[in-house]
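Counting in our numbering, the sequence shown tops out at residue 148, every number present.
Because the hints were derived from the structure by calculation, they are not lab data.
Check before you lean on any hint, since a few could be wrong.
[As the list claims (entries may be wrong)] Across the chosen pairs, the derived CB separations fall in these ranges:
hint : residue 1 : residue 2 : range
1    : R86       : L130      : 14 to 24 angstroms
2    : L131      : A87       : 55 to 65 angstroms
3    : V133      : R86       : 57 to 67 angstroms
4    : D20       : L131      : 21 to 31 angstroms
5    : I137      : L19       : 51 to 61 angstroms
6    : R76       : D56       : 51 to 61 angstroms
7    : A51       : A87       : 55 to 65 angstroms
8    : R86       : R36       : 56 to 66 angstroms
9    : T28       : E4        : 19 to 29 angstroms
10   : L131      : L19       : 46 to 56 angstroms
11   : R86       : T132      : 14 to 24 angstroms
12   : T132      : L19       : 19 to 29 angstroms
13   : A3        : D56       : 51 to 61 angstroms
14   : D20       : I134      : 14 to 24 angstroms
Ideal placement from N, C-alpha and C gives every residue a C-beta, glycine not left out.
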Amino acid sequence: MPAEKLASDAVEVLATAILDPAAVARPTELHDLVRRWFRLNGRLPAFEAFAANPRDDAWIRDLLRQAVERDAAFARSLSAAVDQARAAAPSQNNSAHLYADGARGGTFQVSGRDSHRKVAIDIGGSGLALLTVILVIGIVLAVLALQH
């Protein structure tokens with residue numbers, strides 16, 4: 001894997017784990033590997049800055065790319081850690097479906113990683129609308145009859 005791609009993949013997984021811990025199940029080996037490399041090479045402040053603001057990742061991405069280019073053993077370890085973190089990630093499968101049953105409503109179904117909901121929606125039919133119109137006309141006629 002090219003150094004740029006491997007560095008980008010590692011930073012992406014790490015940033016995701018920092019921003020949304022539920023999205024990446026086990027990034028600990030990757031996190032520990034990268035943090036250890038930065039500490040051993042006197043670059044721990046760069047890693048800590050990234051951990052504090054993972055959206056600002058240009059510096060750490062560049063340092064990881066350089067590390068991968070210079071150290072084949074670190075590159076192999078980093079690649080394995082990225083693969084392991086991605087393989088352990090929970091499913092991101094989210095979907096939503098809407099089934100309409102004419103003018104009467106329908107069923108709204110949402111299923112995803114953490115939930116599954118199915119809600120029936122009944123907005124009434126033409127019978128309810130007709131009954132409402134007849135009731136309104138009856139009330140208007142009753143009010144007019146009482147006024148005379």
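Results of checking the hints against the structure:
no.	hint	result
1	R86 / L130: 14 to 24 angstroms	violated, 58 angstroms
2	L131 / A87: 55 to 65 angstroms	holds, 59 angstroms
3	V133 / R86: 57 to 67 angstroms	holds, 60 angstroms
4	D20 / L131: 21 to 31 angstroms	violated, 50 angstroms
5	I137 / L19: 51 to 61 angstroms	holds, 59 angstroms
6	R76 / D56: 51 to 61 angstroms	violated, 28 angstroms
7	A51 / A87: 55 to 65 angstroms	violated, 23 angstroms
8	R86 / R36: 56 to 66 angstroms	violated, 20 angstroms
9	T28 / E4: 19 to 29 angstroms	holds, 25 angstroms
10	L131 / L19: 46 to 56 angstroms	holds, 53 angstroms
11	R86 / T132: 14 to 24 angstroms	violated, 56 angstroms
12	T132 / L19: 19 to 29 angstroms	violated, 50 angstroms
13	A3 / D56: 51 to 61 angstroms	violated, 21 angstroms
14	D20 / I134: 14 to 24 angstroms	violated, 55 angstroms
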